[in-house]
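Using the hints, position chain B against chain A.
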Amino acid sequence: MKKDKKNSFNTPEGFFENFNERLMARIQQETGSETKSIIPKTDGFGVPESYFDGLTPKILSRTTEEKGKVIQLKSYRKIYYGAAAIAAVFLLIFGFNWKTETSPVTFDDLANTEIDAYFDNNRIGMSSYELAEMVSFENVQLNDILEDDLSGEVILEYLDANVDDLRDLNIEYIDYE
Amino acid sequence: MIAEETLVQELKDKNSQAKAFEVLVNTYKERLYWHIRRIVLDHDDADDVLQNTFIKVYKNIDGFKGDSKLYSWLYRIATNESLTFLKQKSKKMGIGDQELKDRMVKNLEADVYFEGDEIQLKLQKALAELPDKQKLVFTMKYFQEMKYEDISEVLETSVGALKASYHLAVKKIETYLKAD
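The listed protein sequences derive, respectively, from chains A and B.
Those letters in the first sequence? Residues 1 to 177, by the working numbering.
Those letters in the second sequence? Residues 1001 to 1180, by the working numbering.
Read the hints as simulated data drawn from the structure, not as lab findings.
These numbers come from a predicted model, not from an experiment.
A portion of the hints provided could be inaccurate.
Residues from chain B that face chain A, not an exhaustive set, calculated with beta carbons under 7 Å [as the list claims (entries may be wrong)]: (1) Phe1114; (2) Ile1119; (3) Tyr1148.
List time: in silico PhoX-like cross-link candidates among lysine-lysine, alpha-carbon distance up to 25 Å [unchecked claim]: (4) A/Lys41 <-> B/Lys1133; (5) B/Lys1092 <-> A/Lys41; (6) A/Lys41 <-> B/Lys1172; (7) A/Lys58 <-> B/Lys1056; (8) A/Lys41 <-> B/Lys1059; (9) A/Lys41 <-> B/Lys1014; (10) A/Lys58 <-> B/Lys1019; (11) A/Lys41 <-> B/Lys1106; (12) A/Lys41 <-> B/Lys1029; (13) A/Lys58 <-> B/Lys1089; (14) B/Lys1019 <-> B/Lys1069; (15) B/Lys1059 <-> B/Lys1029; (16) B/Lys1069 <-> B/Lys1056; (17) B/Lys1065 <-> B/Lys1125; (18) B/Lys1178 <-> B/Lys1125; (19) B/Lys1163 <-> A/Lys41; (20) B/Lys1147 <-> B/Lys1172; (21) A/Lys58 <-> B/Lys1014; (22) B/Lys1091 <-> B/Lys1029; (23) B/Lys1122 <-> B/Lys1135; (24) B/Lys1087 <-> B/Lys1029; (25) B/Lys1122 <-> B/Lys1178; (26) B/Lys1125 <-> B/Lys1171; (27) B/Lys1029 <-> A/Lys58; (28) B/Lys1059 <-> A/Lys58.
Covered, in the sense of this in silico footprint (three residues per stretch, anywhere, with C-beta under 8 Å from a C-beta of chain B), are these stretches of chain A [as the list claims (entries may be wrong)]: (29) 41–48; (30) 52–60.
No residue lacks a Cβ here, since even glycine has one placed at the ideal position from N, Cα and C.
So here's chain A without its partners, still in its complex pose (with noise of 0.2 Å):
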C-alpha cells in the first residue's frame, strides 16, 4: 500500500504505474461503443456506370439552351402580325365562300386559335413569368383576367403549395400587438 506524507490516504499498490494503461482502456471501451451503433456506415444507394462522366456536358448544354431562349420584344410583337396576316388570308379565303360554309368561321375564332396553335406548336422561349413581366397589368385585378372568379380558398391552396417562404410575397407585416 502507498501512503500520502501529507495526510492519511491511500491508495492500491500500483494504482499510478498502471493508471494510463487502465485509462486508454477505458476511452477505448467508450469510442468503441460509439463506433457500434446499429445504423449501418453506407445508405446502399447507387448510380449508373459513368453517370457522373456524362453529366457536365448534359449540364453545360442546357445552359446553352438557356442562353437561346431569351428573345426581343418585337419579335413578339411579330407572332400576333404573322397571326394576324395568317388570320386575314383564312378571313379572305372563307370570307368569299362564307355562303357554302355551313359554320362560317369568324375572325375572331380564327385569330384565337391561330394564335394558341402557335404558342403550342411553337418554343417561344417564354416562360409565364417572362410574359407576365411584358404586360402591364396596373389597375387591373387578377379575376378581370380570369373566366371563373378565384375563391379565397383556392389562392391560399395555391399559396400554400407553391409559396415556400411568406417573405416571398413581398407583403409588409404590421404587428398588432
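Below, chain B alone, put in the same frame as chain A:
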C-alpha cells in the same frame, strides 16, 4: 484547385463564365448529387433536381453576394430545389407529404439503383419518419460527414440546435432499427 473567390469572380465575368461554370459543375456535381439523392431517393429525380440546381446557380450567380461560402450557397439551392420538387410531386399525385415519403421508400425495393440490404432499407424507413430538418441534419452529418459549422450555414440554424437535432435523430433511428 481554384480558389473560391476567384471562381466566383470568373463566374460573374461574361468572358470567363463558361469555363468557370464548367469548373464549378465538375467540382460540386458529385457532392450535390448525393445530397439531393438522399432527399429525393430516386436516381432520375435526383438527376433532374441536380440539373435544375445548376441552371438556377447559372442564372443567379450575379445575385450571389458572397455573404456565405459558395459551397453553402450551392447546398442551400440544392436543398430548396429538392424539397420544392417533393412538394410539387405530392401535389401532382394528390397525396400528402408523409404518404409520398412512404411510397418513395417502398419504390426503393424495386429500384435497380438501390443496392441496400434489409437494414439499409429499414434505415430509409426510419428516415422517412423523421421531420424534414432532422433528416437533413442526420444525412449531412452522418453520411456526408459535413461539419456542424457548414451545415449551420446551409440550413441557417445554430450549431447548438443542429447538435440537438442530430442526437435526437440518432436516438429515433436506433430505436426504430432495434424494433422488430
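Pair hint B/Lys1059 and A/Lys58, alpha-carbon separation not exceeding 25 Å: 16 Å, holds
Would you check the hint for A/Lys58 and B/Lys1019, treating anything up to 25 Å between C-alpha atoms as holding? Satisfied, since the Cα-Cα distance of roughly 15 Å is no more than 25 Å.
Tell me if chain B covers the segment 41–48 of chain A under the three-residue, 8 Å CB rule, please? holds (count 7)
Next pair to validate is B/Lys1019 with B/Lys1069; report whether the Cα-Cα distance is within 25 Å. Given pair B/Lys1019, B/Lys1069 holds - Cα atoms ~20 Å apart, limit 25 Å.
For a C-alpha distance cap of 25 Å, please report whether B/Lys1125 and B/Lys1171 respect it. 15 Å, holds
Between B/Lys1122 and B/Lys1178, is the straight-line Cα distance small enough, at 25 Å or below? 10 Å, holds
Just to be careful, I want the Cα atoms of A/Lys41 and B/Lys1133 compared with a cutoff of 25 Å; is the pair within it? Holds - the C-alpha atoms of B/Lys1133 and A/Lys41 are around 20 Å apart, at most 25 Å.
Taken at face value, is the distance from the CA of B/Lys1135 to the CA of B/Lys1122 at most 25 Å? Given pair B/Lys1122, B/Lys1135 holds - Cα atoms ~14 Å apart, limit 25 Å.
Given the hint that B/Lys1065 pairs with B/Lys1125, test it: the Cα-Cα distance must not exceed 25 Å. 39 Å, violated
Do the alpha carbons of B/Lys1163 and A/Lys41 lie within 25 Å of each other, as the hint requires? Holds - the C-alpha atoms of A/Lys41 and B/Lys1163 are around 19 Å apart, at most 25 Å.
Given the proposed pairing of B/Lys1178 with B/Lys1125, does the C-alpha separation stay at or below 25 Å? 13 Å, holds
Verify the coverage statement for the segment 52–60 of chain A against chain B, using a C-beta to C-beta distance below 8 Å and requiring 3 or more qualifying residues. Answer holds; 6 residues pass the 8 Å Cβ test.
Checked against the numbered hints above, the structure breaks hints 3, 5, 8, 9, 17 and 22 and satisfies the rest.
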